Every structure is written in structure tokens, then in C-alpha cells.
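J.: On the provided structure of chain A, position chain B as indicated by the hints.
2 protein chains.
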Amino acid sequence: MELAERLLKGDRRAVARLISMVENREPEAFEIIKKLYSKTGNAYVIGITGPPGAGKSTLTDKLVKKLSSKGKKIAIIAVDPTSPFTGGAILGDRVRMSDLNTNPNVFIRSMGARGHLGGVSKATQGAIKILDIYGADYIFIETVGVGQSEIDIVKTCDTTVMVMVPGLGDDIQAIKAGVMEIGDVFAVNKADRDGAKRTAREIDMVLDFNKSDWRPPVELVVAVENKGIDELLEHIQKHREYLESTGKLIERRIRNSKFELIDLVQQKLMSILFDKSNKEELINKLSKDIVDKIIDPYTATERIFNEIKMD
Amino acid sequence: MELAERLLKGDRRAVARLISMVENREPEAFEIIKKLYSKTGNAYVIGITGPPGAGKSTLTDKLVKKLSSKGKKIAIIAVDPTSPFTGGAILGDRVRMSDLNTNPNVFIRSMGARGHLGGVSKATQGAIKILDIYGADYIFIETVGVGQSEIDIVKTCDTTVMVMVPGLGDDIQAIKAGVMEIGDVFAVNKADRDGAKRTAREIDMVLDFNKSDWRPPVELVVAVENKGIDELLEHIQKHREYLESTGKLIERRIRNSKFELIDLVQQKLMSILFDKSNKEELINKLSKDIVDKIIDPYTATERIFNEIKMD
Chain A
158 MELAERLLKG
168 DRRAVARLIS
178 MVENREPEAF
188 EIIKKLYSKT
198 GNAYVIGITG
208 PPGAGKSTLT
218 DKLVKKLSSK
228 GKKIAIIAVD
238 PTSPFTGGAI
248 LGDRVRMSDL
258 NTNPNVFIRS
268 MGARGHLGGV
278 SKATQGAIKI
288 LDIYGADYIF
298 IETVGVGQSE
308 IDIVKTCDTT
318 VMVMVPGLGD
328 DIQAIKAGVM
338 EIGDVFAVNK
348 ADRDGAKRTA
358 REIDMVLDFN
368 KSDWRPPVEL
378 VVAVENKGID
388 ELLEHIQKHR
398 EYLESTGKLI
408 ERRIRNSKFE
418 LIDLVQQKLM
428 SILFDKSNKE
438 ELINKLSKDI
448 VDKIIDPYTA
458 TERIFNEIKM
468 D
Chain B
158 MELAERLLKG
168 DRRAVARLIS
178 MVENREPEAF
188 EIIKKLYSKT
198 GNAYVIGITG
208 PPGAGKSTLT
218 DKLVKKLSSK
228 GKKIAIIAVD
238 PTSPFTGGAI
248 LGDRVRMSDL
258 NTNPNVFIRS
268 MGARGHLGGV
278 SKATQGAIKI
288 LDIYGADYIF
298 IETVGVGQSE
308 IDIVKTCDTT
318 VMVMVPGLGD
328 DIQAIKAGVM
338 EIGDVFAVNK
348 ADRDGAKRTA
358 REIDMVLDFN
368 KSDWRPPVEL
378 VVAVENKGID
388 ELLEHIQKHR
398 EYLESTGKLI
408 ERRIRNSKFE
418 LIDLVQQKLM
428 SILFDKSNKE
438 ELINKLSKDI
448 VDKIIDPYTA
458 TERIFNEIKM
468 D
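Residue numbers (the working numbering), protein chains in the order written: chain A, 158 to 468; chain B, 158 to 468.
Isolated chain A (complex conformation) (with noise of 0.2 Å):
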């Protein structure tokens, strides 16, 4: 249990091989969570997230070093899309281009957005765990995309902040559509650019129809000239102040945890459909019989179901 006291008192390196092993699922990493859970639930989660080139990244570490620089300990998990079929960053670890890397408050972290055979977010909610237990004040989730993985990533999160920017052409409405319960606060970045305001406007529109007490803010923001970063700092905290009033902080993770549970309980299946119970002979032959038109997958799914609850 070396590795458990070290991450105890705060030890960079510690996290970070703690990550790696709950990456790589180590079981070692889950037993140290588990002897250490109780000290989890400091930490507030922060989800950055929104399309691709709304710059996201730079806004997050803007945020972070105003945060930084009031003393605080912050932690940045950088989710990147990975192959889908090996499971694995093809391309490595981005690295993340920062003058962050160098400041001993914060600790900067890029991961994939998925597991093996379907696991999405598993990692990602073990590596806020551990950087909870290791002290961070704050931990920032920055996910490209739209849909399915920023959704996962979401269910993480205590605030989510939407970075859009102008000039995303017809597919707004759809973004629209997807994320207006997704984003706590909204930011429109690039917003020196054509188009800036009238997103904005956009945006205040689609959220109309909330009807939530809290009513997202929607903030004009430029971050590489840090213009915007204090009055977007100001909004996540008045959304913590709401949430925390008004007892929503707990309701939100409360259904966090059972979004998490719910993952868990499918990974754990999946685990013994293809690790344990050496159902994959049975799958890859019925996969094959679905294509020959020997079975359909309804009746398929049946099959396997029985023999799972057979063991």
C-alpha cells in the first residue's frame, strides 16, 4: 500500500502511475480507490466540453490559471478521442501545449475516451477519484465532440461549461438540440469573429424553453486574450453556489453515481461475456449466423442471455 500513502500526501507521481493503472485496469488501482473512497468528495468537477475548434483548450487554461493563481490545486483530465476498434490512442498522448506543464499546483492529463470493447468512461471516473483523493480543489474534464462521449463525460461533471463558436453552419441546430441540457454555462469563443453575437443570441433562444430554476448564462469570450475568463470563473461559481443552496449538488451526484454504477454493472457483464465465461467462441458464431441469415439478432441476443444466466 506504498502507492496509497504516497497519493495520501500528495504525490505527483503517484497519481499518475495510479492513472496508468486504472487505465490499464489493474485491479491494484480499484482496491486502493476502494480503501481510500471515503476521503473522495472534495474535489468539485468541472466538464469543459464542445465541438471541435471552438478552442477549448486554451479557454480551459485560462480559467485554470486565474484558479491557480488564488492558491488553488487543480488537476486537468484532457479526454481525446481513441481508435474505436483497438481500444488505444493510435497516435500517443497529445501533448498538451501549455505553460501550465510547469506549475507545481497543477496537474495535466491526457486520456482516451474509451476503454476496452465498449467501456467508455470507467478510466476517466477513476482517474477523478484518485486526483479527489490526492487534494485537487478543482478538476477540469475537457472533451472534444458532440455526442455520445462529451454525454458520458458530462455525467461526470458538477458544472458543465458548452464552448461554442461562430461559424458551425447548419449543424448548430443539432448541436443545439443535443446539448441544451447538457451545458450549465455557455461560452461563445473566437467571439472577436463575424457571426459571434448572433450564435449567442442562438443559443439564449434554444434556452428559453429551460425550464430549470437555473438559467445558463451565455458568455461572449475571447480566450486567447483572456478576455471573458473572469466573468465565466464568476458564473461557474454561481452555479456551485446554486447548486450547493440548493441541495442539487448532492441530487446531481447521486445520479452521477448511478450513471457510474449503471456503466460498471455493464462493464462487469461484458468482463464475463469475454474474460470469464468464455462466451466469445458462442458470440463470434452467432455474429457469423446473423450475416449467413441463419438467425436473426433478437433471437441471437436470446440465446446468449440464457446461457449468461445459466452459469
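Hint data in this document are derived by calculation from the structure and do not stem from the laboratory.
Be aware that one or more of the hints could be misleading.
[Stated by the list, open to error] When the alpha-carbon atoms are kept at most 30 Å apart in a straight line, the in silico DSSO-like pairs for lysine-lysine are as follows:
1) LYS395(B) x LYS436(A)
2) LYS445(B) x LYS395(A)
3) LYS230(A) x LYS445(B)
4) LYS450(A) x LYS229(B)
5) LYS450(B) x LYS395(A)
6) LYS436(B) x LYS425(A)
7) LYS166(A) x LYS223(A)
8) LYS166(B) x LYS222(B)
9) LYS395(B) x LYS450(A)
10) LYS425(B) x LYS436(B)
11) LYS425(A) x LYS442(B)
12) LYS395(A) x LYS227(A)
13) LYS445(B) x LYS405(A)
14) LYS415(B) x LYS415(A)
15) LYS445(B) x LYS425(A)
16) LYS166(B) x LYS445(A)
17) LYS442(B) x LYS192(A)
18) LYS368(A) x LYS442(B)
19) LYS191(B) x LYS436(A)
20) LYS445(A) x LYS425(B)
21) LYS436(B) x LYS450(B)
22) LYS230(A) x LYS450(B)
23) LYS227(B) x LYS196(B)
24) LYS384(A) x LYS222(A)
25) LYS415(B) x LYS442(A)
26) LYS425(A) x LYS425(B)
27) LYS405(B) x LYS442(A)
28) LYS425(B) x LYS191(A)
29) LYS405(A) x LYS450(B)
30) LYS196(B) x LYS445(A)
31) LYS436(B) x LYS196(A)
32) LYS191(B) x LYS450(A)
33) LYS442(A) x LYS425(B)
34) LYS368(B) x LYS425(B)
[As the list claims (entries may be wrong)] Only part of the chain A face toward chain B is listed, based on derived beta-carbon distances under 7 Å:
35) TYR194
36) ARG410
37) SER414
38) GLU417
39) LEU418
40) LYS425
Because the structure is a prediction, the values reported are computed rather than measured.
Even for Gly, the Cβ is constructed at its ideal location relative to N, Cα and C.
T.: This is chain B only, laid out in the frame that chain A set:
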């Protein structure tokens, strides 16, 4: 079985009705697919994917118009991001602006990307089967996003066209790493914009790492002006010939069936957890206990799993 007969006769209203039934998980729809499953396998499924703002809809329209002028029967499924928590597209189906709407050889449908409680593409996969039985020669699956939903949709396709666009900024790095294994054919759309050739070159460089027999081509396209569309169709056709002549089409469809099967098994597990054996109460209690630090998520997972197995 009136609906089944109408489907076999190519009745478009029956198709629309059946897809709605699949979305609503009505068992009758799956019974009809089971019954007519031997009629599947003729449609060629083409995925069109890429980041927001890449102009996928326009590109799809142009490709479909070309194919339809050759007398082909075509279906387009536009997969929209939907609300992560309610599971439904909040703003309703996006109305697809297209002059294909009145073309009797083209069937267009918007669908939500995800179902209830984490199920992703069951409805899409069901819709593909219905359209296949209906007699579509080509089924286009168009999806917004870079990440999980895109990857899941790709798992239903024979050929996937990855649509890129100049001006994605730093995120191009992450996207490239994520998409290398997804795209069979790459289009750089809006190629009249600055940086198009550079984007194409960057993609090309990443593809040089690809060790497969099939080297994905990268085509410069200006969809709104119909430029590069013929070339793109040719690439798709060549990829199809490659898959067919090498036996890889069957291999790919078996792989896709395997993904679908696993997905269906997961969804069945979820329906058992939530609909049948009333484990939702236990999950809710454990979720709360996790936040209260009474139990950690890994131990909670074990507990749920033990209960399922005892049923």
C-alpha cells in the same frame, strides 16, 4: 402481419410506421424484422460522418442525387444528437432541408442518436434492417459528432466516408488520432476555403501509418458546387469492390453483427435491471450511498451483480 406485407411491397408509409415502432421499442416491430430477416443483406450501408459544420447533409444530398438519377432506391437516416437525460430529441426531429424530400426513390428519416438509459443505436440498427427489407439499394447513415456516437454508427456501415473541413484548429490533432480507423474514404469539404489542401495533406500523413491493404483516398470536395462528388462516388464504389473481392465485406458485416449483439445483450441486461426485476430501487439506494461514502462504486457493482445472478 399487414404491416409486414406492406413493407415487402415497398410501402413507404409502412416503413415510416415501422421505424417509429422500433424507436418506441414496440415488440411487434422486432417480430416483423425477425420474420422477414431472410430478406436482409442486399442494401449497401454508407456512413457519412465528421465534425459539426463539415457540410455532411449537403454532401449526402449530392451523393444521393447522383445515385438516384441512376435509378437506385435510397434511404437516408440522419442521426441527431438527442437529450442525454430524457433520451428524446428536444426540439423534435430536425427538418432536413432537401429537394430530395419529394423524390419517390429517396426515403429520408431523422432519428435520435440514443435510446433509453445508454442504449445507443438499437433503433438505428433496427431501421437499417427495415430499410433493407423494404428494398433500398443504398442506405446512408449521416451522423454529427466526433466521438462515441459516431463510432457506434460506423459499426453499422459497410463503407464510411469521413467528412473533414479546413479550419478545425488544434482539435484536428485529436480528431485525426480518433478517426484514422473509422474512415474508408475521406472528403475534405469546403475545399475552396483556405487551408483545404493542408488539411488533406495532414490527413494523408496520418493515413501513411495505416497498414491495411486499403489505403483510404482523400478527396477535395466542394459539395455545394457539386465538385468532387463523382470522384467521391467512385472511391465509395472502389472500396465496395475491394471489400467484395477480398471477402472483407462479409468479415466487416460479421464484426458489425458482433457489435450489435453485444449492444443488444447490454440493453437486455438494462431492461432486466430496470423493467423486470425492479433493481432500480437498489441502484438508487446504492447511488445515494456512494455519494454519502457509505460504499464505493466498485463494491456496489459487485452487490448489484450478485443480485442479478440470483434471479
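J.: Each hint should be assessed against the structure and marked as holding or not.
T.: Going down the list of hints, with the structure as the test:
Distance hint between LYS395(B) and LYS436(A) is unfulfilled; the C-alpha atoms sit about 36 Å from each other, more than 30 Å. In summary, the hint linking LYS445(B) to LYS395(A) is supported, as the alpha carbons are separated by about 25 Å, within the 30 Å threshold. Pair hint LYS230(A) plus LYS445(B) holds up; C-alpha atoms about 27 Å apart against a cutoff of 30 Å. As the CA atoms of LYS450(A) and LYS229(B) are separated by approximately 24 Å, the hinted pair is consistent with the 30 Å bound.
Under the criterion of a C-alpha separation no larger than 30 Å, the hint pairing LYS450(B) with LYS395(A) is consistent with the structure, at around 26 Å. A C-alpha spacing of about 16 Å is found between LYS436(B) and LYS425(A), which places the hinted pair at or below 30 Å, so the restraint holds. For the suggested pair LYS166(A) and LYS223(A), the alpha carbons sit about 25 Å apart, so the restraint of at most 30 Å is met. Annotation: proposed proximity of LYS166(B) to LYS222(B) holds, straight-line Cα distance about 24 Å (limit 30 Å).
Straight-line distance between C-alpha atoms of LYS395(B) and LYS450(A) comes to about 26 Å, which keeps the hinted pair within the 30 Å bound. Between LYS425(B) and LYS436(B) the CA atoms are separated by roughly 14 Å; this keeps the pair inside 30 Å, and the hint holds. For the given pair, LYS425(A) sits about 20 Å from LYS442(B) by alpha-carbon distance, which is consistent with the 30 Å threshold. For the proposed pair LYS395(A) and LYS227(A), the alpha carbon gap of about 17 Å is at most 30 Å, so the pair holds.
For the given pair, LYS445(B) sits about 13 Å from LYS405(A) by alpha-carbon distance, which is consistent with the 30 Å threshold. Using a Cα cut-off of 30 Å, the hinted pair LYS415(B) and LYS415(A) holds, with the two alpha carbons roughly 27 Å apart. At most 30 Å may separate the alpha-carbon atoms for a hinted pair to count; LYS445(B) and LYS425(A) meet this at roughly 21 Å. For the proposed pair LYS166(B) and LYS445(A), the alpha carbon gap of about 28 Å is at most 30 Å, so the pair holds.
With a CA separation close to 21 Å, the supplied pair LYS442(B) and LYS192(A) stays within the 30 Å bound. For the hint pairing LYS368(A) with LYS442(B), the CA-to-CA distance comes to about 27 Å; that is within 30 Å, so the pair holds. Restraint check for LYS191(B) and LYS436(A): the C-alpha separation of about 23 Å stays at or below 30 Å, so the hint holds. Simply put, LYS445(A) and LYS425(B) have alpha-carbon atoms about 21 Å apart, close enough for the 30 Å limit, and the pair holds.
Note on LYS436(B) and LYS450(B): the hinted pairing holds, with a Cα-Cα distance of about 21 Å set against a maximum of 30 Å. Only pairs whose Cα atoms come within 30 Å are accepted, and LYS230(A) paired with LYS450(B) is accepted, the gap being roughly 22 Å. For the proposed pair LYS227(B) and LYS196(B), the alpha carbon gap of about 23 Å is at most 30 Å, so the pair holds. For the hint linking LYS384(A) to LYS222(A), the alpha-carbon distance of about 13 Å falls within 30 Å, and the restraint holds.
Distance check on the hinted pair: LYS415(B) and LYS442(A) sit about 9 Å apart at the alpha-carbon level, within 30 Å; holds. Note on LYS425(A) and LYS425(B): the hinted pairing holds, with a Cα-Cα distance of about 14 Å set against a maximum of 30 Å. Using a Cα cut-off of 30 Å, the hinted pair LYS405(B) and LYS442(A) holds, with the two alpha carbons roughly 17 Å apart. With a C-alpha separation of about 29 Å, the suggested pair LYS425(B) and LYS191(A) falls inside the 30 Å cut-off, and the hint holds.
For the proposed pair LYS405(A) and LYS450(B), the alpha carbon gap of about 17 Å is at most 30 Å, so the pair holds. Between LYS196(B) and LYS445(A) the alpha-carbon distance is near 16 Å, which keeps this suggested pair within the 30 Å criterion. Annotation: proposed proximity of LYS436(B) to LYS196(A) holds, straight-line Cα distance about 28 Å (limit 30 Å). For the hint pairing LYS191(B) with LYS450(A), the CA-to-CA distance comes to about 10 Å; that is within 30 Å, so the pair holds.
Our distance criterion of 30 Å between C-alpha atoms is met by LYS442(A) and LYS425(B), whose separation comes to about 20 Å. Between LYS368(B) and LYS425(B) the alpha-carbon distance is near 37 Å, which puts this suggested pair outside the 30 Å criterion. A hinted interface residue such as TYR194(A) counts as satisfied when its beta carbon comes closer than 7 Å to some beta carbon of chain B; here the least separation is about 4 Å, so the hint holds. This hint holds: ARG410(A) has a C-beta 5 Å from the nearest C-beta of chain B, less than the 7 Å allowed.
Interface restraint check: SER414(A) against chain B, minimum CB-CB distance 4 Å, threshold 7 Å, status holds. For GLU417(A), the interface hint holds, the least distance from its beta-carbon to any beta-carbon of chain B being 5 Å, beneath 7 Å. With a least beta-carbon distance of about 6 Å to chain B, the hint placing LEU418(A) at the interface is held under the 7 Å criterion. Evaluation of the LYS425(A) hint against chain B yields a held restraint, the C-beta minimum of about 5 Å falling below 7 Å.
Hint compliance for this structure: hints 1, 34 are not met, and every other hint is.
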